[in-house]
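Peer 1: Listed below, chain by chain, are the residues.
There are 2 protein chains.
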Amino acid sequence: MARPRPLSGFPEWLPEGRIVEQHVLDILRRTFELHGFAGIETRAVEPLSELVRKGEIDKEVYVLRRLQAEPGDDEADPAKQLGLHFDLTVPFARYTLENSGHLDFPFKRYQIQKVWRGERPQDGRFREFYQADIDVVAEGELPFHYEVELPLVMADALAALPIPSFTIRVNNRKIVEGFYRGLGFDDTAAVLRVIDKLEKIGPDGVRTQLEQQAGANESQVAACLALASIRTADTSFVAQVRALAGEHGVTDAMLEEGLAELERVLATAAELNPGVVVADLSIARGLDYYTGTVYETVLNGHESLGSICSGGRYDQLATDGKKTYPGVGLSIGVSRLVSRLISQGLVEASRKVPTVVLVAVSAEESRLESTRVAAQLRARGIAAEVSPSAAKFGKQIRHADRRGIPFVWIMQEDGTHAVKDIRSGEQEAASPAAWEPPVADLKPSVTLKETGANE
Amino acid sequence: MARPRPLSGFPEWLPEGRIVEQHVLDILRRTFELHGFAGIETRAVEPLSELVRKGEIDKEVYVLRRLQAEPGDDEADPAKQLGLHFDLTVPFARYTLENSGHLDFPFKRYQIQKVWRGERPQDGRFREFYQADIDVVAEGELPFHYEVELPLVMADALAALPIPSFTIRVNNRKIVEGFYRGLGFDDTAAVLRVIDKLEKIGPDGVRTQLEQQAGANESQVAACLALASIRTADTSFVAQVRALAGEHGVTDAMLEEGLAELERVLATAAELNPGVVVADLSIARGLDYYTGTVYETVLNGHESLGSICSGGRYDQLATDGKKTYPGVGLSIGVSRLVSRLISQGLVEASRKVPTVVLVAVSAEESRLESTRVAAQLRARGIAAEVSPSAAKFGKQIRHADRRGIPFVWIMQEDGTHAVKDIRSGEQEAASPAAWEPPVADLKPSVTLKETGANE
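Chains as they are written, first to last, in my numbering: chain A, 1 to 455; chain B, 1 to 455.
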């Protein structure tokens, strides 16, 4: 077997990179659990028919077949074909419906899993990647306050990560839909889809497409672009939108409702976590199912990476005909984030292995003794491994050094034990039943190297 | 959308079941890290050509294609087709070769991921399931002592789980191959494959197949069956095998080497973890690549479940033509284990959510105040959520009770705070800056209900 090469779009990390990724995943899980979200996992596959219901995304689905499938098998029946999930929202909707009789609503869940998309791989775009989602879903009615709270949960999670500072940009579908309707558009979704491309195609591109796809006149185009240009760190956007609406003679009840909601999001965020959430009236989110607050998040100084945490409110995550399940949720693109941290060397893991102590072996005959020392350390929560061989002491030190293992345990000829910090070279007498490493050395640490870290 | 139904072979758990699964996964990871194993993850896919190199398993592979793949795309080129991995060994071998220049050998890694097999689902047999693997792989030469140590790492891991007691059954390929060769068989692998089916087809089935597939005579069949019947909890198997070999005139250097190795595994295990490891000369392990010690593990009283943790030593996990990478590893079938625990009600999670405290809301106007209390608790590591609505107090208690949340936080009209243990009904004055729940309540606990637990 010749040396294999990486598959484009399917990122893998060396052990030191995996420590970074695992650290990020641990912090996310910890934060979500502190907020009372229950963890679930769904299977990797969904019926293809469920995956392609939203036309937008069907190009990207990976379909499965068994290598030895035969005519008459499930795989030959299009109604029974399975595909890999491309996000965690479609599976969560299905899970909610399937188990609604066994879940307690409002149901707060987090879900951290890999998803797959058959897209052409690019920088920050993968075919296999981790998403970390939180959603609250209700049976019947979902209180508005969750639209205020969920981005703040994500703000807590992101603030705990070794990443640069970030900004959560928030908008409300009711504002833009109400405004567009007030401007005289019938197909507000078409307008929204064009505005969603603003960053990519620029104002001139938007103008052309609005004219062609939504039959917009010059005044309407100007109003749409003006609305999308409103960004405020406080609730002053309300006055700006009202002024713009006044100029264009727009009055709409849904617009007013949206303004009140977004104002509440901004005001509460300013109380609880000042400086993190801003109003950005250009945020559209392409997916049609959002109906209220929508969110995007950028890393400050890494805006080109795109949004690392997005989501919104949907009135109908799922319905079984009798009941509907409205919800609100956000999703972090973990792999995109971790890939940036690793590939640009923004973070550093303190070592490549979990081991705190390498227990040296002075002769193969005494390996059992070294093994007992390691077991005593482990029993007290100190990760320990025994040297692979009774090589010269210098070689055993190098084994530890190459992996970043901070301590080497030595059983001396007189029967006493000592532990050596190989970073400082300091050595002290120690007992395997009592010695404790500094707390900072207990686990590999991951630190942000860049200055201007997220405080 | 009608209520969806579960997909056979793709297990999913309700939140309380996921707490059990997550608890098991956490303990495994924790134990592996305490022993100094570095965690890695590999992508879910491998080139199909790599997956089907071992003929035995090719029926089970799921092949991927993009829904919109066109002629000329990678998916149309058989050499570039991708399949889902069916175990974690093939991907680990590929990862080792691909990154050999960046890894430190001997490389100890753990890997906990889902794998997929297109098998017909049955009890304990899934199409998607978790495996938890540990392996040590060396460049060039792997010291024998790892064959002694690795099953003891798994014994530590399994002993920490909420499962019944277990037995690790060990054999050595050199014993059986040397013995078969000494009996006059040329194709020892063929004999091994038949013996591997002993439990399934019984002695008569083995007799027939040995005669047909290996040309065995009556004395050879008797010798093979006699060898497979040797099971000892100590090193007395050595004398039994030697006696049997003497009866049949078998002398073989490899047999002697295998006996010495297995003796060392049993002797060391008896020193470090008495009663867990037994010698069982019937253990064959179907896969051809094992070359030394082989392992299987059964849950005592649940032998019908089959092996929950298996593996062995292989001289050549991978080779790039210049270097070879021998290793030894074991794999736990986590889903098989967890499914048994959940479906037979052997374990119980103390609650359905991570939340320790539900902070009550007396009126929607004071939600912010409740949110601040929850934030204070979280800052000290206490999982807290705020009540979804300012409903009657009894309804808020029921919200906690249904989920198993042990404490409700109450802000009283006089401005003081109290916390109520809803299990006992006891209520005490409390400050969000100082109150601590009992340590046992900090996280959901998972306990084995069955008597005869693994001590």
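Honestly, the hints are just simulated from the structure, not real lab data.
Hints may be right or wrong, so weigh each one.
Heads up, the list lumps identical chains together, so a pair's fine if it works in one copy or across two of them.
To be verified - Once the Cα atoms are required to be at most 25 angstroms apart in a straight line, the calculated BS3-like pairs of lysine-lysine come out as:
no., residue 1, residue 2
1, K395, K443
2, K395, K323
3, K80, K114
4, K200, K395
5, K80, K395
6, K80, K200
7, K395, K114
Peer 1: At 25 angstroms max between alpha carbons, let me know whether K80 reaches K114 within a copy, between copies, both or neither.
Peer 2: Result: close both inside a copy and across copies, 23 angstroms intra and 22 angstroms inter.
Peer 1: Evaluate K80 and K395 at a C-alpha cut-off of 25 angstroms and name the case that applies: within, between, both or neither.
Peer 2: Close neither inside one copy (58 angstroms) nor across copies (43 angstroms); limit 25 angstroms.
Peer 1: First find the shortest C-alpha distance between K395 and K443 inside one copy, then the shortest across copies, and answer within, between, both or neither for a cut-off of 25 angstroms.
Peer 2: So K395 and K443 pass the 25 angstroms test inside one copy only (24 angstroms; across, 43 angstroms).
Peer 1: Between K395 and K323, at a C-alpha cutoff of 25 angstroms, which is it: within one copy, between copies, both, or neither?
Peer 2: For K395 and K323, the Cα distance is within 25 angstroms only across copies (22 angstroms; inside one copy 67 angstroms).
Peer 1: Between copies, within a copy, both or neither: which fits K200 and K395 at Cα up to 25 angstroms?
Peer 2: Answer is neither: 56 angstroms inside a copy and 49 angstroms across each miss the 25 angstroms cutoff.
Peer 1: When no copy is specified for K395 and K114, does a C-alpha distance of 25 angstroms or less occur within a copy, between copies, both, or neither?
Peer 2: The answer is neither: 40 angstroms in one copy and 37 angstroms across copies each exceed 25 angstroms.
Peer 1: How would you label the pair K80, K200 (within, between, both, or neither) given a Cα cut-off of 25 angstroms?
Peer 2: For K80 and K200, neither the intra-copy (38 angstroms) nor the inter-copy (33 angstroms) Cα distance is at most 25 angstroms.
In summary, the numbered hints that this structure violates are 4, 5, 6, 7.
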